[in-house]
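K.L.:
Single-letter residue listing:
Number of protein chains: 2
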Amino acid sequence: MKKLLKTILLLSTTMLLTVHASENKTVKWKLAMSWPKSLTPISTVPLRVSSLVKEMTNGKFIIKVHGKNTHKAPLGILDMVKNNIYEMGNTSSYYYKGQDIATTLLTTAPFGLNNAEQYGWYYYGGGEELTKKVYDKFGIDSYPAGNTGVQMGGWFKKEIKNLNDLQGLKMRIPGLAGEVLSKLGVNVTNIPAGELYTALDRGTIDAAEFVNPGLDIKMGFHKIAPYYYTGWQEPAAEMHFFVNQKAFNKLPQTYKTILKVAMKVATSEMNTAYFNANVEAWKQMKTEFPNIKIKTFPDEVLIAMKKSTDEVIAKYSKDSPLFKEIYKSQQNYLKKAREWTKISEYKYITTSNSLK
Amino acid sequence: MKKLLKTILLLSTTMLLTVHASENKTVKWKLAMSWPKSLTPISTVPLRVSSLVKEMTNGKFIIKVHGKNTHKAPLGILDMVKNNIYEMGNTSSYYYKGQDIATTLLTTAPFGLNNAEQYGWYYYGGGEELTKKVYDKFGIDSYPAGNTGVQMGGWFKKEIKNLNDLQGLKMRIPGLAGEVLSKLGVNVTNIPAGELYTALDRGTIDAAEFVNPGLDIKMGFHKIAPYYYTGWQEPAAEMHFFVNQKAFNKLPQTYKTILKVAMKVATSEMNTAYFNANVEAWKQMKTEFPNIKIKTFPDEVLIAMKKSTDEVIAKYSKDSPLFKEIYKSQQNYLKKAREWTKISEYKYITTSNSLK
Numbered sequence: 001m002k003k004l005l006k007t008i009l010l011l012s013t014t015m016l017l018t019v020h021a022s023e024n025k026t027v028k029w030k031l032a033m034s035w036p037k038s039l040t041p042i043s044t045v046p047l048r049v050s051s052l053v054k055e056m057t058n059g060k061f062i063i064k065v066h067g068k069n070t071h072k073a074p075l076g077i078l079d080m081v082k083n084n085i086y087e088m089g090n091t092s093s094y095y096y097k098g099q100d101i102a103t104t105l106l107t108t109a110p111f112g113l114n115n116a117e118q119y120g121w122y123y124y125g126g127g128e129e130l131t132k133k134v135y136d137k138f139g140i141d142s143y144p145a146g147n148t149g150v151q152m153g154g155w156f157k158k159e160i161k162n163l164n165d166l167q168g169l170k171m172r173i174p175g176l177a178g179e180v181l182s183k184l185g186v187n188v189t190n191i192p193a194g195e196l197y198t199a200l201d202r203g204t205i206d207a208a209e210f211v212n213p214g215l216d217i218k219m220g221f222h223k224i225a226p227y228y229y230t231g232w233q234e235p236a237a238e239m240h241f242f243v244n245q246k247a248f249n250k251l252p253q254t255y256k257t258i259l260k261v262a263m264k265v266a267t268s269e270m271n272t273a274y275f276n277a278n279v280e281a282w283k284q285m286k287t288e289f290p291n292i293k294i295k296t297f298p299d300e301v302l303i304a305m306k307k308s309t310d311e312v313i314a315k316y317s318k319d320s321p322l323f324k325e326i327y328k329s330q331q332n333y334l335k336k337a338r339e340w341t342k343i344s345e346y347k348y349i350t351t352s353n354s355l356k
Numbered sequence: 001m002k003k004l005l006k007t008i009l010l011l012s013t014t015m016l017l018t019v020h021a022s023e024n025k026t027v028k029w030k031l032a033m034s035w036p037k038s039l040t041p042i043s044t045v046p047l048r049v050s051s052l053v054k055e056m057t058n059g060k061f062i063i064k065v066h067g068k069n070t071h072k073a074p075l076g077i078l079d080m081v082k083n084n085i086y087e088m089g090n091t092s093s094y095y096y097k098g099q100d101i102a103t104t105l106l107t108t109a110p111f112g113l114n115n116a117e118q119y120g121w122y123y124y125g126g127g128e129e130l131t132k133k134v135y136d137k138f139g140i141d142s143y144p145a146g147n148t149g150v151q152m153g154g155w156f157k158k159e160i161k162n163l164n165d166l167q168g169l170k171m172r173i174p175g176l177a178g179e180v181l182s183k184l185g186v187n188v189t190n191i192p193a194g195e196l197y198t199a200l201d202r203g204t205i206d207a208a209e210f211v212n213p214g215l216d217i218k219m220g221f222h223k224i225a226p227y228y229y230t231g232w233q234e235p236a237a238e239m240h241f242f243v244n245q246k247a248f249n250k251l252p253q254t255y256k257t258i259l260k261v262a263m264k265v266a267t268s269e270m271n272t273a274y275f276n277a278n279v280e281a282w283k284q285m286k287t288e289f290p291n292i293k294i295k296t297f298p299d300e301v302l303i304a305m306k307k308s309t310d311e312v313i314a315k316y317s318k319d320s321p322l323f324k325e326i327y328k329s330q331q332n333y334l335k336k337a338r339e340w341t342k343i344s345e346y347k348y349i350t351t352s353n354s355l356k
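Quick note, the sequences are listed as chains A and B, same order.
The letter at position 90 of the first sequence is residue 90 when you use our numbering, and the numbering goes up by one with no holes.
The letter at position 45 of the second sequence is residue 45 when you use our numbering, and the numbering goes up by one with no holes.
No lab work stands behind these hints: they were computed from the structure.
Keep in mind that this is a model prediction, so the values were computed, not measured.
Glycine included, each C-beta is placed from N, C-alpha and C at the ideal position.
Possibly wrong hints are sitting among the right ones.
[What the hints assert, rightly or not] Here are the simulated lysine-lysine pairs, PhoX-like style, with alpha carbons at most 20 Å apart:
#1 A:K283 x B:K335
#2 A:K347 x B:K183
#3 A:K72 x A:K82
[To be verified] With the C-beta cut set under 8 Å, the calculated list includes, among others, these residues of chain B facing chain A:
#4 N114
#5 V150
#6 K183
#7 K250
#8 L251
#9 T272
#10 V301
#11 K336
#12 Y346
#13 S352
[Unchecked claim] Listed below are several chain B residues computed to face chain A (Cβ distance under 7 Å; list not exhaustive):
#14 V265
#15 F275
#16 K283
#17 M285
#18 T287
#19 I294
#20 I343
#21 S344
#22 T351
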């Protein structure tokens with residue numbers, strides 16, 4: 001009888017544990033961000049994923065988020081996720097152009113797709129498959145993590161009236177855009193974000209490109225450089241999540257779905273949050289500093305920028321077949337998508353403008 | 001001993017059931033759509049919510065989706081969800097203007113917010129709270145369910161060259177826009193969608209406004225009315241989910257979060273899916289029918305439309321304080337948001353156009 005009792009107890013305990021194991025397995029992950037937790041609304045995205053995943057699994061799937069001050073490797077997220085030091089990362093794809101130049105095009109491209117067009121390309125124009133082609137070799141799955149929308153062309157102390165005004169201009173502008181301007185005579189420097197304000201104030205640099213009002217307002221450039229140029233170089237910069245493939249494959253099916261859904265929701269929320277941050281910051285800037293002048297580069301400068309962009313793209317396309325494939329895929333989608341953009345969103349604003 | 005055995009068995013069964021009850025309660029809901037399941041990508045949204053909720057709860061929360069052919073009440077979703085005949089609905093808010101005229105502004109407004117601006121208003125400009133104010137009295141929570149983007153101004157058999165061309169024009173155009181055009185001399189008719197093609201073909205009507213290429217292509221208007229006018233009347237038509245509040249409050253906390261997250265993800269997915277549907281449909285239409293002419297209404301017509309819109313808005317604002325409050329809230333957000341739209345998305349396309 002004692003034996004039977006023991007058997008029953010063991011059996012019922014096993015049943016209980018089985019329920020837990022299959023449906024409510026406890027999983028603890030860590031996520032490394034390229035930024036500090038204060039860089040909202042960009043840093044809001046991984047923090048939101050963490051809290052959503054916890055809620056949706058009844059507290060069983062925990063993702064601890066580390067800001068750059070914890071791991072001290074803001075540009076090393078790819079390696080840390082590849083080596084499973086962190087199961088997840090939240091970063092910018094183009095930081096890893098040293099590992100693969102094709103990573104840059106997954107963030108954005110000069111004169112490339114706008115926000116709606118880029119998501120169209122990603123989900124329906126081959127973008128998802130090409131992203132997989134870039135990151136599979138690192139054992140990583142990459143997912144969208146929110147978009148800044150159109151970035152501004154930068155803050156300038158003096159107006160740019162022609163191509164000649166670019167000669168010897170000292171400017172902070174990273175990424176492909178920096179290479180493009182370098183070919184046009186700009187003296188491109190890469191000063192860390194923390195030192196930019198002082199450099200611009202003291203004349204160490206003449207101009208600084210950062211993001212757009214939502215984040216630029218924290219830098220204070222508008223107080224010392226009154227010409228704010230409209231954008232051409234990063235029309236829809238997307239952030240990315242990295243997930244270690246082996247860690248992901250070990251998750252119960254339910255958690256896999258929950259994680260993917262949480263990333264997509266947080267991404268969508270960031271797009272609205274960032275749009276609103278731009279709206280509010282731009283309103284505040286121009287109220288407090290009514291002398292800010294919105295400028296668009298003159299046609300001769302834009303034409304030269306486009307030509308220089310084509311040269312930079314051609315160079316990397318020669319170096320990397322994958323870069324070439326992604327650029328061509330994006331351009332194919334852009335060609336048809338822009339036709340729709342022009343008669344819908346664009347024409348609607350034109351129409352509304354004409355009534356003011 | 002037998003008693004002890006029984007007690008142990010009972011106890012362990014109870015423990016098992018408790019685990020199930022608290023974390024894995026089985027819930028079965030029904031959702032009624034205003035459309036047939038074939039109306040993709042609009043109908044994709046509730047179907048996706050159903051499948052995501054099922055996956056994320058390990059098959060325990062089931063939402064059965066009924067198309068309009070099952071319940072036969074495409075315009076009766078509000079009543080059915082209010083009375084808990086269906087726990088959820090998927091519909092257009094403006095169908096219920098008979099119950100409350102303020103419902104119309106939650107869908108879209110003539111000359112109103114575009115897609116990004118409308119989500120900005122909804123989440124950061126008071127839209128969510130005002131939506132609650134509209135639907136609380138029905139015991140319903142309402143959530144966004146995907147946006148069509150800018151709708152086109154309609155298909156016309158003859159070009160509209162001036163205000164006089166609107167006099168006596170027989171046109172199908174529903175909602176507030178119909179009232180606006182009616183004041184300008186248009187003979188607004190409300191022919192069911194299924195009969196529209198024949199009516200336009202036979203000259204029973206001279207023009208038809210439906211949606212935009214993604215759905216218009218299924219109607220075939222482009223084969224018989226070559227003038228396709230750009231939009232002014234529905235710059236960002238949002239679909240909506242309705243959820244019965246009492247049913248929602250009975251859900252376990254985990255399921256509440258999962259349902260809300262699933263609705264938001266499916267909404268975000270639809271926005272990209274619909275954008276892409278427009279891109280592909282527009283490409284196909286103009287390839288197969290190169291004689292389609294994209295037109296924008298002349299300034300004198302647009303100015304008259306705007307004036308007429310203001311009159312319609314003023315009339316309903318007088319009738320309904322809530323309509324007035326929502327319109328004012330949207331206009332306040334539009335004013336600041338449009339400043340950002342103009343120097344970002346809009347200027348970027350202008351810049352790109354100048355390089356072609």
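K.L.:
State for each hint whether it applies.
P.N.:
For each hint, the structure was consulted:
1. At roughly 10 Å between alpha-carbon atoms, K283 (chain A) and K335 (chain B) fall within 20 Å of each other, so this suggested pair holds.
2. Proposed proximity of K347 (chain A) and K183 (chain B) is contradicted: the alpha carbons are some 24 Å apart, above 20 Å.
3. In summary, the hint linking K72 (chain A) to K82 (chain A) is supported, as the alpha carbons are separated by about 17 Å, within the 20 Å threshold.
4. Against a cut-off of 8 Å between C-beta atoms, the interface hint on N114 (chain B) holds, since the closest Cβ of chain A lies about 6 Å away.
5. Given hint, V150 (chain B) at the interface with chain A, holds; its Cβ is 4 Å from that chain's nearest Cβ, closer than 8 Å.
6. Because the beta carbon of K183 (chain B) sits about 17 Å from the nearest beta carbon in chain A, more than 8 Å, this interface hint is broken.
7. For K250 (chain B), the interface hint is violated, the least distance from its beta-carbon to any beta-carbon of chain A being 17 Å, above 8 Å.
8. The beta carbon of L251 (chain B) is not positioned within 8 Å of any beta carbon in chain A (closest approach about 13 Å), and the interface hint is therefore violated.
9. This hint holds: T272 (chain B) has a C-beta 5 Å from the nearest C-beta of chain A, less than the 8 Å allowed.
10. The criterion of a C-beta within 8 Å of any C-beta in chain A is not met by V301 (chain B), whose closest approach is roughly 11 Å, and the hint is violated.
11. With 8 Å as the threshold, the beta carbon of K336 (chain B) comes within range of chain A, its nearest partner Cβ sitting at about 5 Å, so the hint holds.
12. Checking Y346 (chain B) against chain A: minimum C-beta separation of about 5 Å stays under 8 Å; hint holds.
13. Evaluation of the S352 (chain B) hint against chain A yields a held restraint, the C-beta minimum of about 6 Å falling below 8 Å.
14. The interface hint given for V265 (chain B) is met, as the beta carbon of that residue sits about 5 Å from the closest beta carbon of chain A, less than 7 Å.
15. With 7 Å as the threshold, the beta carbon of F275 (chain B) comes within range of chain A, its nearest partner Cβ sitting at about 5 Å, so the hint holds.
16. Here the hint on K283 (chain B) is kept, as its CB sits about 5 Å from the closest CB of chain A, short of 7 Å.
17. Among the interface hints, the one on M285 (chain B) is violated; its C-beta lies about 11 Å from the nearest C-beta in chain A, farther than the 7 Å criterion.
18. A hinted interface residue such as T287 (chain B) counts as satisfied when its beta carbon comes closer than 7 Å to some beta carbon of chain A; here the least separation is about 10 Å, so the hint is violated.
19. Evaluation of the I294 (chain B) hint against chain A yields a held restraint, the C-beta minimum of about 5 Å falling below 7 Å.
20. Residue-level restraint check for I343 (chain B) holds (minimum Cβ-Cβ distance to chain A is 5 Å; threshold 7 Å).
21. Checking S344 (chain B) against chain A by beta carbon gives a least distance of about 4 Å; that is within 7 Å, so the hint holds.
22. A cut of 7 Å between beta carbons decides the hint on T351 (chain B): the least distance to chain A is about 6 Å, and the hint holds.
Violated hints, in rising order: 2, 6, 7, 8, 10, 17, 18; the structure is consistent with all others.
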